Each structure stands twice: as C-alpha cells, then as structure tokens.
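Novice: Each chain, letter by letter, is given below.
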Amino acid sequence: MKEQTAQCAHWHASIRIVISILLIWFLVSLGCGVLFREYLDTHMPTVGGAPFGFWMAQQGSILSFIGLLLLYRFLMNRLDKKHGLEDAS
Amino acid sequence: MSQELWNYLLIGLSFAIYIGIALRSKAGSTEDYYVAGGGVSPFANGMATAADWMSAATFISMAGGIAASGYNASRFLMGWTGGFVLLTTLIVPYLRKFGKVTVVDFLGDRFDSTTARLVGVVCAIFISMTYIMGQMRGVGLVFSRLFEIEIATGVLIGAAIVFFYAGIGGMKGITYTQVAQYVVMVFAYTIPAIFISLLLTGNVIPQFGLIGTYTKEGAEVAVPLLEKLNQLNVDLGFAKYTDGNLDTLDMFCITAALMFGTAGLPHVIVRFFTVKSVKAVRTSACWTLACIALIYLTAPAIGAFARVNFINEVNQSTYEDVPEWFHNWEDRGLIAWVDKNQDGILQHQSGAVFEGRVPEFSDERGLSGERIITNTLTANANEVYYDQDILVMANPEMAGLPRWVIALVMAGCVAAALSTAAGLLLVLSTSISHDLMKKVLKPNMTDKQEVHYARLASFFSLVIAAYFGINPPSAIVAKTVAFAFGLAASSFFPTILMGIFFKRVNKYGAIPGMVCGITFTFSYITYFQFFADHSNYWLGISPEGIGFVGMIINFVITLSISYLTPPPSAKIQAMVEEIRNPSGAK
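Listed in order, the protein sequences are those of chains A and B. Going by this note's numbering, the final residue of the first sequence carries number 89, and the count climbs one at a time with no gaps. Going by this note's numbering, the final residue of the second sequence carries number 586, and the count climbs one at a time with no gaps.
Incorrect hints may have been included.
To be verified - Straight line, CA to CA, 27 Å or less: simulated DSS-like cross-link-like pairs of lysine-lysine: (1) Lys340/B x Lys81/A; (2) Lys507/B x Lys571/B; (3) Lys507/B x Lys82/A; (4) Lys276/B x Lys81/A; (5) Lys82/A x Lys97/B; (6) Lys503/B x Lys81/A.
Simulated from the structure, these hints should not be mistaken for laboratory data. These numbers come from a predicted model, not from an experiment.
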C-alpha cells in the first residue's frame, strides 16, 4: 500500500513536470518562431545580426530544446530518487 | 590524386568499416535482432539515433531548401528537432518500461485487441515503406552523380550493403554501424561549413557567422550577413530572406505535424528500446538531440552562406569568369544557364528559367560555351537554373577546399541514406516477423524461427523498396514527408500517448480514433496529390500540415467513445500503472 501511494505521488508530480516542460517547448518554438515571430522581429533587440523571431525559429528554439531535455532529465531523476523509485545500479 | 579516385577511396573505406562492424555483431536471438541485446550505452544510442533520424533528404537537401526559402524552411528545423521533446517526455520512457520489442506490441497489449495490432502493422509498414523508397533513391542518386553509373545500379549496391548488415545483423548490426555513420556525417557536414564561414564572415563557428557580419568585400562595407542576404533577395525579386511568405496558420500546422509525427515514428522510438533502463532513456534522449542539433544548427548557416556566395559569384558574371565549380556541376546536369538576353552575362532572378522541373540538355554548346537546353523557355528574365541539392554537395568546392573534403561530403551523403534505410528496414521486418507472424498467425514458433522470418521479411522488403527506388511512384515520393509524418502524427502518437496517460481509454475508442485519424489524413493528402488540379486547401492548410488536424480528430474520437463505454479490464489498468513506474525496466 505504501508503495502504491509513493507511485501515485510520483505520477502526479511527473505530470506537473511534463506539462511545464511542454509549455516552454510550445512557447519557444510555435510561439516565438511562428505565432509571434513578426512582432518579435520588430520589437525585440536583434541577436547579433539576426531578427529575434527569425533567430528563435532557426537557432534559439533548437538550443532551448536541448536545455529542456537536460532539465527534464534532472527533474525526473530527482523525483525518482525522492519517491524511492529509481533502479539500483 | 583525382577527384574520382578520392571518391572511390573514401566511400570504399566507409563501406569497409560498416561491413567490418556488422561482421563482429551477428544477431543470434530475437533479443539481439530486435533490441541489440538491450545494453547499448546512452551516448552510443544517441549517435545511432541521430544517424537513424537524419535521412538523405536532410543531409543533402535541407540546407539548399533553407537557402531557397529562408524563414519558411524553419518549419523543418523546428519540426524535426522539437519532436524529440515530445518523444522524450511523453512516449519513450514509458514504452521502454513496457519492455516489449516493437511499437505495435504496445498497441496490441494495451488495447487487448488483434484489430488494434493489425491497424498498427498496416500503419508501420506504410509509413516505413514510403520513407525507405526515398532513401534507396537517395543512395542511387549519389552514386549516379559520382560515378556516372545508372541510378538502378546505385540503388542495388545500396540495397545489398544495407541487407548485409541490417537484414542479417538486425538491431545489433545496425547500432554500431549507425554510430560510425554519424561520425562520418558530422565531419562531412561541419568541416565545409567552418571553412565557408571563415571565407564569408571571418568567423570560425558557422552559427556565429550566420548572425555575424559579412566581411568578404572588406571591412569598410561590412553589414550583417542576413541584412546583406535580405538586400540581395529583394534586389533579385525574391521575398526577404528573414520573412518568408507562408501563411501563419499553415506554417503552424506544418511545424506541429512534423513535431507530433516525429514523436510517433516507429523507427525512432524502437532505437530507445536498446538502452538498459528508463533513466538511461532520459540520458540517451539528451545525447540524441545534441547530436542532431550539431547538424541542424549548422544547416541554416550553410544555407545562408551558400546563397550569398552563389549569387555573388554567379549573378552578373560572364560564363568564362564564373568559378570552376559552376562548370563542374553544369557538366553533371545540375546547373544550367540560358543567355536569354544574349548579353553573354549570367542574370539570376526569381522565377523559373524554363518549363518543366529539370533541364533537358542537348549535345551542343552555345556561343559562350554553355550547354544548350531544349526545354521551352519562360518569359521571365531569370537565366540561371540550379538544383538545390548542389548547395551542400558543391559547398567544399565553393569554399575552395581540397579534394578529399569533397569526397568526404559524398561519403556523408551515402552514410545518411544508408543509416536511415537500415532503421526503417528493421521496423519493416519486425512488423512482419513479430507483430504479424509471431503475435497473430503463428504464435507457437520458436525464437530461431522468428529471427529467420525477420531476415526473410527484410530481404523481401528491400526488394520492394529497391524496385520503387528505381521506378519511384513520383506522386508518392513528392509527398513522402506529408504521408510519413502526417500518418505518424494522426495514428501512433495520439494513440500511444492516450494509452499511457489516460487509464480510462479503451479499445472501443482507440481503434475508431486511429482509423478515422489516418483515413482523414490519408484522404486529404491523396485528394490534393492525385485528384484536385488546384490547391485551394481547406483553411489554407497544405497536405504537409494536415496530420495535425488528423491528430486532433483521433484525440476527440478516442476520448469521447472511451468515456461512453466500459473501462478496460483491471489487468490492463494494472499494466498502465506498471508502465508509469520508472523503476525495474527489464
């Protein structure tokens, strides 16, 4: 029974992590790179010689994805440990 | 040493490495054949997945596509990398914990239904088949361009090599050859980029070069590279490089469909079954995206450099003064010039030079020595035709690099096509041997027989793929991206996701959801590809983006029917609980 509640708590916490990661994912790619691209191109400082929205679409989003996966890995591993659900290595 | 000799040497050497690796890793059991024994290191799997993922089209055509369409091409850049965030957070850790060897296995077990399994098999085969045809064609094209042999011979050579290590060695044979292929690809792609970046912007890192200043004509006229490119584009009548001209909704749908499709492609998902634990899956996903990003972050730089360079060197130059690479690629039929206004000077502008897709050359030469083409010319003033693919292939020549670099790029093109073909072949053969034979038709067969069937299935899949590689059904090839990603986005991705995250979802909802999703997507693409002679798309969404709508249809149907019908059995609910627990993956 105890393990069941631990697993339940782990599951709910992991859903929160996934949703937060995907919100940022949406914002940096489809948000900055597509929906608000024109606005950002004109209203944000340029990145080097590149308009901000354009840069997000071709470079920034990809860099953010790597950051997001590293963050996901860190948070999930920590969560597993907290709830005692990690594999003994 | 001549270019020809270098090409033979480097491509031959790379083949010897692939075959050497394959000989050392012969699969003995289904475990070896399907998941390479399950103990691949996260880093090795990251490189292998990156090679598996990046196809001939990505390697050869993507930078050219970016050069031609600027901002518009961002949909591929974001779509084909962003999908890995979805894949990692929503799909692969759970399927790895599930611990079976194919994606279709999950559908069959989770929904406890042979129908679900069969729908999955049909999807997996159709997606992988359309995809692999393009790869075989890619191998053939590279060989034919390099060694001036028939495309058919090139396809057959490629098919034989892939069969040798993938068909015989299964996942075990594929994994380490893909690692080697990734290494070849990454050098082949980045070395020319670094040199061309130095040449144009003085920056050794191409990604900084892209946002840096254009310094080739001296420091006093230095402007940001992208500004220079916008200026050139506008002068020649193209849309601004950093603006593009796609409708925002269409751009949104295509990018989304590519992302969700990526997260549902079986040949990518199964690569993560080869690592040891759920924790290893997470680490491996980080490596995978890092390896892919190395090439995807370089592509926009290559695209921008190549375009500036091409316009500067070619436009308003005389035929004698254009650089040597122009003549080389004209000889191979990928560049053409028609002196429409007969001033002896090359003018490049927007618009098609002639009617038809590719130039037809006659044997004669024109006044300046150019090859004469026989196509009907168009009225616009553009005189220079070039195939977009040359921007990657001619990159080393444009940057004035030595011959061995050119040969390395060619070896990279071949590696990209072979690695993807091998991964797809594995999905095709396991769909037949495991999902169809073992799970449906002949449940009693032994492990050895199953591996035997897998090899047999991969042989016949390759024969079919090679046939279509030689005689491509052009209407399908032209829409490979739409079909493969659209169908993956509307079938595998949503159904697997709901199978994991919604315990209440049952077979009564999942099967019609999947069927409606695919049918809608498939019909939409087919209608605009084969029947409609116009492109008045619904809400302006092109066939490449319709998979996003198909996915929403799948979600709505599956969820609404599932909540109106009885929940799945206690056994299945317990299974879902078990998948969500990250510890104890076998």
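Novice: Determine for every hint whether it applies to the structure shown.
Specialist: So, going through the hints one by one against the coordinates:
1. Lys340/B x Lys81/A: violated, 72 Å
2. Lys507/B x Lys571/B: holds, 14 Å
3. Lys507/B x Lys82/A: It is violated: about 35 Å lies between the C-alpha atoms, which goes past 27 Å.
4. Lys276/B x Lys81/A: Status holds; Cα separation ~18 Å.
5. Lys82/A x Lys97/B: holds, 19 Å
6. Lys503/B x Lys81/A: Holds. Lys503/B to Lys81/A sits at ~25 Å (cutoff 27 Å).
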